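Peer 1: One letter stands for each residue in the lines below.
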Amino acid sequence: MAIRVNPRLIDDLEKYGSEDVSKCYHCGNCSAVCPHSKEPFIFPRRPMRTLQMGLEANLKRSLEPWLCYYCGQCSEQCPRDAEPGETMMGLRRWLTAWYDVTGISRLTYRSWKFDLLFVLVLGALTCAGLLLYGFTHGDIHVYDGPNAFLPVGFVHLFDLGLAVVLISLVVLNSARMWWFTIGSRKAIKVPILHYLRGVYLLPLHFFTQKRFAQCGSKTLWALHLVLVLGYLTMLVLISFFLAQMQAGPEINWNVHVFGYLAAIGILGTTIFMLHGRLKQNRAQFKHTHGSDWMFLFLLLYVCTTGILQHVLHRTGLDLWANVVYVAHLMGVVAWLSRVLNKWSHLAYRPLAMFFADLATEPLLETKKIPEVAQMQPARAA
Amino acid sequence: MTFEPKIVGFLCNWCAYAGADLAGTSRIQYPPNVRVIRVMCSARVDPTFVLKALREGADGVLICGCHPGDCHYTEGNYKALRRYQLLKKTLSSFGIEDARVRLEWVSASEGQRFADVVADMTEKVRALGPSVFNTAKQDQPQHVHQEATR
Amino acid sequence: MAEPKIGVYICNCGTNIAKVVDCDGICQRIAKMPNVVVARTYKYMCSNPGQDMIVEDVRKHNLNRVVVAACSPRMHERTFRKALQTAGINPYFFEMANIREQCSWVHEDHDAATAKALAVTRAAVLRVAYNEPLEKLYADMCPNTLVLGGGIAGLSAALELADAGNQVFLVEKTDRLGGNLARVDLTAPHLYSARDLLTDRITRVREHPKIQLMLESELKNLSGFVGNFVALVGPVKSNGNAPREQSVEVGSVVVCTGYKEFDASRVTHYGYGKLPNVITSFEFEKMLREGKIQTKEGRIPQYFAIIHCVGSRSRDFHGYCSRVCCMTALKYAHEIKSALPKSYVSDVYIDMHAFGKGHEDFYRESSEVKTLFLMYGKNEHPVIKRAQPGDDCEMLIEVNEKLSGEVIEIPADMVILMVGMEARPGADHVARLVNISQDKDGWYIESHPKLDPVATTTEGIFIAGTCAAPKDIPDTVAQARAAAARILGKIARQKIEIDAVFAEVDEDRCSGCRMCNSLCPYSAIEFDEEKHRSKVNSALCKACGACVAACPSRAIKARHFTDEQILAQIEGVLA
Amino acid sequence: MSPKKLQIALYWGAGCGGCDVAVLDTNEFILDVAALADIRLWPIAVDGKYQDVEKMVDGELDLAIFNGAVRNSENEHVAKLLRKKSKLLMAFGSCAHMGGIPGLANFTTKDKIFATAYLDNPSIEPGNHTVPLPETKLNGKTLNIPTFYDQVYKLDDVVEVDYYVPGCPPAPNQVKAVLLAVAQGQLPAKGSVVGASEHAVCEDCQREKKEKKITRFYRPWQIIQDPKQCLMDQGILCVGAATRSGCGVRCPNTGQGCRGCYGPLPGVMDQGAKILSSVSSIIDAKTPEDIQEILEGAPDFAAIAYRFGLPASLMQRNVSP
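Residue numbers (the working numbering), protein chains in the order written: chain W, 1 to 381; chain S, 382 to 531; chain B, 532 to 1106; chain F, 1107 to 1427.
For reference, chain W alone in the conformation it holds in the complex (with noise of 0.2 Å):
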């Protein structure tokens, strides 16, 4: 049965970012330079012609744009300025929205104006709510201890209704992500003997992201790696540390050392990501989608008044600290909800490795059979 063509795809897409598709006439270079293009995962060339013909199921089954970590050689290679890259990127971003089944993923990506207010009022909810809580149970002029105005304890259990929403939305979409890629096609059958064989990949990829480092050059590999490392320390800090990350105002060393040391290397990689894109002084950095200014924007935020709450109250201004907290959980909050876009794929990427790992042999064994179903009209003919 004929797949239909869809022209209007292309438009689409182009409100995720990838604007310059229709220039490729599929010479294959991209596909030749990617160090991770091998049967049957090949790209960027197949997605590109896809993507050119609106053969939207194809695309909201394939794996590639996850197995591609945007290293840029590609874009530099295209004697057609067709930008590989960038459409891998924003068919990421777009099979994102179609993974997510809230439906604002989609929203936030198709229109920046959308995103800043939907940031603005999480953050104006997160504020309500936070300042109901500090002025009927607590002092504004205290900032830890029994009746500070956000005590730990509250605090943990704000944290934990977050992780729940966050996970509970991460698992439902990575679930579809499974089902669209995996589960609902028939060419795929995929014992579950494979799957417990495989998932060792998961923690591997999401820790090391090992394939990342085989892309050109290493640099951005290192600094993914700082920032996810300064992620962890801080969940891990905030999860079990809160107490005394809060206990002040002296400093205690031991714990806010980790603290200290996460906060450069998150800032340190935000700034360099900031300065890059402003630059445009990177394949990867030249296009930027407004989804990532959001991104970087809210990080900086979150690190600034971080850092900023800490010192206030190490400098005994718990008024102060508290507000700038307030602002800072704010921000928090905001940033968290990029787990519907950006930050997403810190989910996909692994999940697409593990995928792929089982999708390899049952696509291979069925790649013959569709070579030989394009013979007969050929025949025919």
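No incorrect hints appear here.
Computed spacing ranges between beta-carbons, pair by pair:
(1) F:G1123 - B:D1039: 29 to 39 Å
(2) B:P872 - W:T102: 27 to 37 Å
(3) W:E365 - B:S796: 39 to 49 Å
(4) B:M606 - F:I1330: 51 to 61 Å
(5) B:D1039 - F:P1326: 25 to 35 Å
(6) F:G1123 - B:E663: 41 to 51 Å
Dumping the calculated DSSO-like pairs for lysine-lysine here, alpha-carbon to alpha-carbon at most 30 Å:
(7) B:K933 - W:K186
(8) F:K1319 - B:K1066
(9) B:K563 - B:K574
FYI, nobody ran anything at the bench for these hints, they're computed from the structure.
Just so it is clear, the structure is predicted and the values come from calculations on it, not from any experiment.
Virtual Cβ for every residue (Gly too), placed ideally from N, Cα, C.
Take the given structure of chain W and dock chains S, B and F to it, following the hints.
Peer 2: Same frame as chain W, but now just chains S, B and F:
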């Protein structure tokens, strides 16, 4: 030693002769039995030439022209073909074997084909053996005397 | 004629000949032949010392005939004829024996090869004794030119010639000038308007004092030869107002009769003629020129599909590429996008031939305006079917897309078939009239595809534009002007040189049986009703010799290929 | 008129005798001949024996007119005898000139001819295998008859010939002219053809000739002829274009194609080959099949092309051993 036939080849200047030259430049080996006479067009070949050649002791005569439709003179090869067909009828009345006279189309790009034609014809003529004018070259009166004394 | 004194020269050609053929052996045998004064071997006869050797011998032994046994006469005959000229004897007193291409290079057996080489050399020696001195002939060159066809080629050629001050007769079958180009809107890749390209030229042609325009006319008959043609031009169909027949004297003819577009209805699977909105490129050009792109039902189409190679590059129709369709298709993409920015264009092609100047850029630009390029396989073909009521388009084109390997269906409201070029139906008639040949596809054949692209095998007849093969406007104009340049060159020389090798009738032998009259491919043989004799027009004759062989009373002689010469050769090769 | 009368002999070799009749057809002129010449030998008209000729001194005769081809030992014997005794030897008529109609026998062999004539002939009584032999023994005596050769020869195959008078038979007016020329000693160089023109029959043929294309051959009775138009143009095979004139266009004037009895034009090596070449050239077909189909209309073409000249052709005869 085996009998080496002598074959006279009439080659048209534009296709066949060029084709034979091409066989040369591409070093395609073939039997040395054909001695080539260049004519502008296969249509120049007067049946008299063929009969004369046979009379002079040629074991075979090969005429080569351009492929039908490709004649440098648009239709010369058709004229050659007509003469050839009538000549064949006549030669059979003279008791000359079919394979001794042959018309072939060889284009300027068909060096290999020329070589093949020559090889094939040489074999066929060799199989027929020498022409009668080679075996018995009799001058008439003496011949008559033999008759008389029989 | 003086007793033949023959000099024979056997070339070793380095080792090319000598390594297989015993040149010295041959030399000794030949030296013993009657009339042979000198026989020598030399390393390279074609080298200057080699040629000088001939010249010296001619002077020393006052030779009057020369034979060189070396490579093919197609290689060096001219060289040695020149040498004879410098030596002061007629170049046709020369014979060449081919003992390289047709001997040493194709045989390994030394004795056999030597025997063969000896035979052909002997034949040449016997032949050369019968050779006769020949002189080139000259005829006047009439500066007028007949141009057939009023398309861009005809216009360009006519103007080029007329501007140089020569009379031109421009014959056009229809009632207007411009040809196929006049049916086109914009032209790829620079998007110039065809109108602008034409109008200026047409007006200049109409007003040019040196150009006589003959509309609704065609060539009825052409007699004579290069420099001295007489052309009979008459009305296509004799209705009242049409011009009456007129005969004009011209020196050259430029054939620019152009092409006819492929009849799309021959390709059944595109449903042309059945599906209302499957149209040919020329029908679409018409829409563009009228400035309204709409379906038969008057709706504005949203999905366009352009199908390439309709009738071209296919097993079933024409094997060749029509060369202009690819760029025209891209041009449509541009024009559609600029007229209807909201529409989508799918370009269904076999290969994108963007060979020309600026074509590749044009291709890139049209992909930037989001033309969707889809590739189908040679000898496969897209199939067009009506869409279902539910669909947002009128038709669906099913095709096995090569770049994705997917069998896809493309939505379309209007399908444009890029019909290729083919030779005009009347082309064979014109070919017969002006005596030029056609290839298997009906295109006129040039005298050399690379080195002599506008001349034909009939001297004084030139071809330009798409009557010779599909080509785009720049190539067409270039050819037309090239043809004009060739003619101007001839006109400047004022005289036509006629090759010395041709057939001639001996009036005393001819008895007017007219056996030969119908045989000449160049109608060079005329019959003189008074004398009852046939006569060969040496300027038209190309020396094939068909008439010579046919003449039952040996009244026709093929100069340089006489019966005596060939019979001598026969004896030579068999002796 | 010379004081001494011309001494002439006429001989009839392998031929039909038409040539002798042609001499007589000069009508009353024959009396002038009688007046100016002594006829020493003329088997058909005057009595005379070979012995008489043998008795002559060499060169006693002024002219020997030999008609008919050389088919057997007797023809050859007499040819040599006359050559010896005569100053001039004239090959008279197509047979002596080129072999003529008897020459067609060269397409077959002596044995085949004998088989047809003496063995397989229906009129032969069964069991009778009598075949003429040069020598027969009959009760002690030997009987000799001339040896029948395996092929037919034209006169100049066996002896040197001074003049040729072509034609089957030579036209009386030409005979007259030749004899006068002899009488007045106004003969051209030895070895030449006399009593004929240098041009083809077409030269004298009054029919109007056009460009030729043959789409099919007709036998004369197959179509209604246009008496003004060239026979070839009407598809009737006529070899006049390849034949010397002199006959007065006898056959074409009666609506028959010329049959070529006056022989090839000067310098033509093989009349048949020329006929073949010219006729085939104007056949209006391009594919072997079409050409073949048209050629079917001219059956036994070899016999048409070599009707009178087979022994004089390059091949001379069927050469298959």
